[in-house]
Each structure stands twice: as C-alpha cells, then as structure tokens.
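These protein sequences, in sequence, are chains P and G.
Going by our numbering, the letters in the first sequence line up with residues 1 to 344, in that order.
Going by our numbering, the letters in the second sequence line up with residues 1 to 274, in that order.
For the record, the hints were derived by calculation from the structure and aren't laboratory data.
Fair warning: there could be bad hints in the mix.
[What the hints assert, rightly or not] Within a straight-line C-alpha distance of at most 30 Å, the following computed BS3-like cross-link-like pairs (lysine-lysine) qualify: (1) P:255 with G:217; (2) P:216 with G:267; (3) P:289 with G:52; (4) G:175 with P:232; (5) P:274 with G:52; (6) P:39 with P:148; (7) P:187 with P:203; (8) G:252 with P:289; (9) P:288 with G:40; (10) P:335 with G:252; (11) P:233 with G:252; (12) P:288 with G:52; (13) P:288 with G:252; (14) P:289 with G:27.
The chain contents come next:
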Amino acid sequence: MKNVLILNKNYLSYWLRQLRKTMTLIAPLRSVHGDVIMKTVENIHEIELDCPALIPSPKEFLFPHKEDMFRFSVGATDILKDDTKRLIFGVRSCDMSAIAMLDKFFGEQFIDDYYMSRRRNAVFISIVCNNPETTCFCIGLGTGPSLKSNFDIQLTDLGDRYMVETASNRGAPLIKKYIYLFSKPKKSDYEDQYEIILSSASKFEKRINLENARQKILEERISDLFWEWVAKKCFECGGCVYECPLCTCFNVLDKVESENQGVRLRVWDACIFKGFTRMAGNVWPSEKKGSRIKQWYFHKLIYYPEHFGKFGCVGCGRCTITCPGHIDMATIAHKIDIGDRRNR
Amino acid sequence: MKGTIKDTYLPSGAEIIDIMKMTDNIKLFTIKPQRPFPYKPGEFIMLSLWGKGEVPISITSTYGFHKYLELCIRRVGYITEAIHMLRPSDEIGIRGPFGNSFPVEEARGKDIIFVAGGLGIAPLRPLIHMVMNDKKQFKRVALVSGSCTPSDILFKDDINTWQKKGMQVFLTCDKKDMDWDGNIGLVTDYLKTPKISFKNAFAFLCGPPVMIDITMKNLHGMGVSENRIFTSLEAHMKCGVGKCGHCYIDGKYICTEGPILSYAEIKDRRLYKH
C-alpha cells in the first residue's frame with residue numbers, strides 16, 4: 001500500500017499546477033499582516049513551503065465554522081452539500097493525525113454526511129516538520145513530526161528534492177497520473193530522510209507527558225479545587241476550542257430569511273461557553289465554570305483514550321499560542337504531571 | 001443536491017392529528033408520521049420546526065401504537081412555545097427514534113416500582129402500558145407519582161386502567177387542595193408504601209433532576225440493586241446522534257448511550273447535579 005518516490009523540487013510547482021486543473025488548491029499563504037493562513041491559491045510560487053505553524057486548523061475545510069445544512073421553504077427542503085474537490089497542501093503531521101481521528105468520530109455509528117462528503121472529496125498533502133515551534137509537543141504523542149500511516153501524501157524535504165510517500169487510496173491517483181515527474185528512491189534518500197526526522201525530533205523544547213497527567217486524574221489526585229483555580233484564569237473566549245483540530249462541538253440554528261423560507265445551519269460551539277448545557281426551564285448541568293473547564297480537559301485526557309485509545313490532543317500547541325489565561329493543554333497537563341500547585 | 005447525503009440530520013414529515021390540553025402548560029400532541037416509525041419504550045425523537053429549531057421529546061404513546069405517535073410537551077422554552085401555537089393538520093418534522101430503551105426484558109418475573117415526578121410520567125407511560133398489558137410476566141407492580149397540584153396529575157384515565165389491572169398506585173401532591181383528600185408530600189416520602197419486595201425489584205423512574213437524584217439514592221438504600229434502578233435523563237441536544245457534543249457529560253453521550261441509564265452508571269458521575 002505504502003509507496004515511496006522522489007520528486008525534484010523544480011517539479012513541485014508543475015505538479016501542483018497540473019493537479020489544480022481538477023481540484024481547488026488550498027495551501028499556506030502569508031498574508032499582508034505576516035500571518036500564515038490556509039487559503040485558495042492563486043499564484044503557486046507564493047505557497048509557504050517550510051511547513052509553518054498555522055493558527056486556524058485545517059479542520060475548517062472538512063468541518064467549517066459555519067455550514068449551511070438545509071434550505072427550507074413551504075413544502076420543500078433542499079439538502080445543501082459541499083462536494084468541491086479540494087487539494088490541501090502543506091498540512092502538518094499533527095493536523096493530519098487529528099483528521100484521522102475526526103474521520104473515526106464522524107464516521108462511526110450515525111455517519112455525519114456533511115463531514116464525510118467533504119472528506120471524500122479532499123486530498124491532503126502533509127509535510128514532515130523540519131523546524132518544530134517552541135509550542136509544539138507532538139513528539140510525545142506519536143502524532144508528529146513525521147507519520148508512518150494515516151496520511152494521504154506525505155512529503156519530506158531532503159534539501160533539493162522531496163521524498164513522497166502515499167498511504168491512502170485518495171493520494172495514489174494524484175501521483176499515478178504524473179508518474180513521469182517522480183523517480184525511484186535511492187538508499188541515500190532513505191538515509192537523508194532518517195537524518196532529517198532525527199534532527200527534527202531533537203529540536204522539540206516541550207516534553208509533555210499526557211499519560212502521567214491521565215494517570216494522576218484517574219487516581220483522583222486532582223481535586224475540584226484545582227479545576228476551580230484553572231477556571232479563575234479562564235476568559236471563556238473559546239479560543240482553545242475553535243483552534244483545536246479535534247474539537248467538534250456544534251450548534252444548529254435556523255436562520256429565517258423571509259416568510260416561511262430560510263436556512264438551517266450549524267456553527268462551531270464550545271463546551272466552555274456558559275449556556276452550552278443549559279436547557280429550557282433553567283435546568284443547567286454545568287453552570288459552574290470549573291466544571292466546564294474540567295469537562296474540556298476530561299474529554300481530551302480521559303474520555304478520548306477510553307473511546308478511541310488515543311488522546312484527544314495531537315500536540316499542535318495552538319491552545320498554548322491562543323489562550324490569554326495561560327491555561328492551555330501543555331501548561332495544565334505539565335502542572336498536573338509535575339504537581340506544581342504552589343501558585344494556587 | 002440530493003444524492004449520497006443520507007438522512008442523519010434530515011427530518012421526515014409528520015402531520016398533527018389531535019391536540020389535547022392536559023394542564024395550563026402541557027399539551028398532548030397526536031401526530032401521524034409519513035414513514036413507518038417503530039420504536040421502543042424510552043426512546044425519544046428530535047422534533048423539528050423549520051425556522052425555529054429542534055428539540056428532543058420523549059415518545060409518550062403506548063407501545064404497539066405505531067400509526068400515531070403521542071408527544072407530551074410542556075411549554076417551557078422558545079421551541080416548545082412555538083409548538084404550542086400549532087393547530088391540528090399542521091406539518092412538523094421528526095427524526096429518530098434515538099437513544100436506548102428501558103431494559104424491560106430483564107425485569108420479567110420480578111417486582112417493579114415506577115416512580116414519576118410531574119411530566120416524568122410521559123417517558124414511563126409506554127413502559128408501564130407494556131408491563132400492564134403483559135402483567136402475568138411480572139410479579140407485583142407499583143406506581144408512585146407526584147404532581148404539584150391535583151389538577152397537574154397527568155394521564156388520570158391511564159392510571160385508573162392500570163389500577164384496575166392490578167397495579168398499586170400511590171398519587172401524591174405537593175400542595176393541599178379543596179378537592180384533594182389524597183397524599184401530600186414528595187414522591188420520596190412514599191417510596192416505602194408499596195407492598196413489594198425491594199430486594200428483588202426493578203425500579204424505573206423519571207422526573208426533575210433533584211427528584212431523580214434523591215429517589216435513586218433512597219431506592220438503593222432500601223435494597224434495590226444499583227443495576228436495577230433505571231432513569232431517563234434529559235440534556236440539551238442539537239443533533240441526537242452523538243455528534244454535536246451538547247449532551248456529552250462525564251464521558252457519555254446521553255443521546256446515544258442514554259437517555260436510559262442505571263444508578264450504577266451514574267452514581268459516581270456528575271451527570272445531573274447542579
């Protein structure tokens with residue numbers, strides 16, 4: 001299944017240009033303000049190739065912030081479906097691991113057709129991280145900096161050439177059609193890749209052990225007072241949830257456009273928002289901020305491993321960058337692990 | 001565009017046949033789904049009004065009554081307010097049925113106690129009906145039902161029928177009334193009155209969260225095994241299929257792993273406490 005080839009860097013833009021003819025090409029672009037954002041590409045030479053950290057996670061191409069579900073009018077309902085073919089280039093390994101988890105989540109039991117329709121029509125090209133950020137900790141979770149499976153196409157930057165690996169049925173046709181651009185890998189290419197991955201692994205500054213944190217929580221060594229202390233620092237902005245590549249909660253709203261006509265849509269929601277669990281009649285299971293924060297951490301550290309066998313965190317470090325209260329996953333998991341509660 | 005998208009989120013149509021006013025703010029809706037709608041006692045549907053939204057509503061109609069569905073709805077929020085404005089022959093949308101059902105097969109040959117608080121009798125009604133129609137399969141059956149005032153007692157006719165079929169019925173009201181000479185107090189005050197063997201009994205209960213909490217604890221204290229006390233929980237829901245995350249509390253999606261949960265499953269968890 002896994003197929004390894006070598007692509008000369010000079011051929012990359014030609015390859016992408018050919019692929020763009022049949023699919024929308026989305027890649028990291030630097031905006032005028034200096035931020036790198038995933039956007040539809042107009043000029044292929046503007047793509048940021050060094051695998052930069054992206055603040056909005058690529059989940060938005062599969063599970064958009066706001067998605068129209070149905071258009072309703074008197075006596076008729078239209079199902080709105082997005083079946084645009086997308087090629088998403090330059091995704092990090094951590095995000096690719098997150099997408100593999102989302103595939104499981106949205107594809108089990110009741111299938112989420114909106115997600116699956118987008119997923120069926122999307123191919124991801126991920127790049128092995130050569131230069132992890134200071135906030136990254138995927139290395140401790142096995143979700144990066146390179147992947148062994150769960151990707152469509154993975155590129156490793158070997159200086160003047162890319163090692164191209166395919167591991168899914170979605171990725172293979174993109175290479176097969178342009179096989180003349182690729183060459184067979186030599187022994188030295190494998191050695192170079194090994195060295196690159198090794199040097200990347202050595203660059204990680206954060207070593208977060210989520211398993212230790214999980215064990216401590218399961219042993220009930222973390223009291224509710226700790227979560228209340230965390231809650232005091234929370235601004236309830238929802239930044240961690242919105243940027244998290246694994247957060248999937250949504251709200252469903254009906255927007256009435258004119259009489260008897262409108263759209264039913266879904267938007268991202270966050271479990272740390274106050275009204276998230278409030279029912280009509282003022283029944284309110286998690287009214288306290290502390291219990292909502294606890295829910296977020298428990299979901300990622302306890303419930304995800306119970307259900308999927310993996311943590312609900314891929315170590316992308318987005319919440320570390322986003323959280324204004326410094327109560328992100330890395331900080332809190334480290335605090336639980338080390339037991340630093342002097343500052344309480 | 002229609003095609004590969006299946007109908008996980010698409011409501012199917014249903015016509016309102018009849019509306020019966022039960023109390024000041026509770027109405028009983030009889031609806032006719034456009035498609036066959038098999039269900040088990042304890043399951044719920046997502047009731048959809050285009051332009052307003054969706055709410056989870058438990059199925060109240062008695063089991064084996066598939067042509068029509070009955071929904072007992074209290075006017076309490078934005079969407080139920082709109083539902084109460086509807087008239088017979090109006091069109092609504094339904095999705096489902098969702099959730100698990102009461103494990104009634106396990107209770108065969110045992111005593112059963114039902115405890116209902118207010119509108120909590122609605123999700124229990126199909127189950128009680130099923131049990132009473134098959135009374136020989138069960139031993140002694142009792143119902144303890146509490147309401148605010150005598151006029152708030154729901155399904156009086158059904159309760160009378162069940163009583164005639166041999167059910168021990170204990171009704172209680174919170175407040176005294178001119179034409180009420182029955183029990184006064186909370187359901188928890190009358191848990192011990194039924195003449196059943198609590199050690200071998202199954203308990204099914206539903207009501208406000210505080211009532212569920214205390215009743216489960218008391219029943220367990222009276223000797224009912226924690227694996228034999230079942231309740232139907234409510235939660236804020238948007239999808240009903242375990243995706244939207246609103247009902248995900250303490251590691252359980254109430255919509256797919258519930259709403260029927262045993263005391264053993266929830267006693268250590270903070271599912272419904274405030």
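Point to revise | 30 Å limit on alpha-carbon distance, applied to hinted pair residue 175 of chain G and residue 232 of chain P | key: 42 Å, violated
Review point. Do the alpha carbons of residue 288 of chain P and residue 40 of chain G lie within 30 Å of each other, as the hint requires?
Key: 35 Å, violated
Check your understanding: Straight-line Cα separation of residue 255 of chain P and residue 217 of chain G no greater than 30 Å?
Key -> The given pair, whose Cα atoms are some 44 Å apart, is violated under the 30 Å limit.
Practice item. Assess, step by step, whether the Cα of residue 187 of chain P is no farther than 30 Å from the Cα of residue 203 of chain P, and give holds or violated. Key: At roughly 25 Å apart (the allowed maximum being 30 Å), residue 203 of chain P and residue 187 of chain P satisfy the hint.
Exercise for review: Take the C-alpha atoms of residue 216 of chain P and residue 267 of chain G, compute the straight-line distance between them, and say whether it is at most 30 Å.
Suggested key: The hint holds at about 21 Å.
Check your understanding: Quick one, are residue 39 of chain P and residue 148 of chain P close enough, alpha carbons at most 30 Å?
Key -> Given pair residue 39 of chain P, residue 148 of chain P holds - Cα atoms ~27 Å apart, limit 30 Å.
Review point. Is the hinted pair residue 288 of chain P and residue 52 of chain G satisfied, with a Cα-Cα distance of at most 30 Å?
Key: Status holds; Cα separation ~28 Å.
Review point. Given the hint that residue 335 of chain P pairs with residue 252 of chain G, does the C-alpha gap stay at or below 30 Å?
Key: With Cα atoms ~27 Å apart, residue 335 of chain P and residue 252 of chain G stay inside 30 Å; holds.
Check your understanding: Given the hint that residue 289 of chain P pairs with residue 52 of chain G, does the C-alpha gap stay at or below 30 Å?
Key -> 29 Å, holds
Check your understanding: Regarding the pair residue 274 of chain P and residue 52 of chain G, is the alpha-carbon distance no greater than 30 Å?
Key -> 22 Å, holds
Exercise for review: Assess, step by step, whether the Cα of residue 252 of chain G is no farther than 30 Å from the Cα of residue 289 of chain P, and give holds or violated.
Suggested key: 20 Å, holds
Review point. Within a Cα-Cα threshold of 30 Å, do residue 289 of chain P and residue 27 of chain G meet the stated pairing?
Key: 36 Å, violated
Taken one by one, the earlier hints fail for this structure at numbers 1, 4, 9, 14, listed in ascending order.
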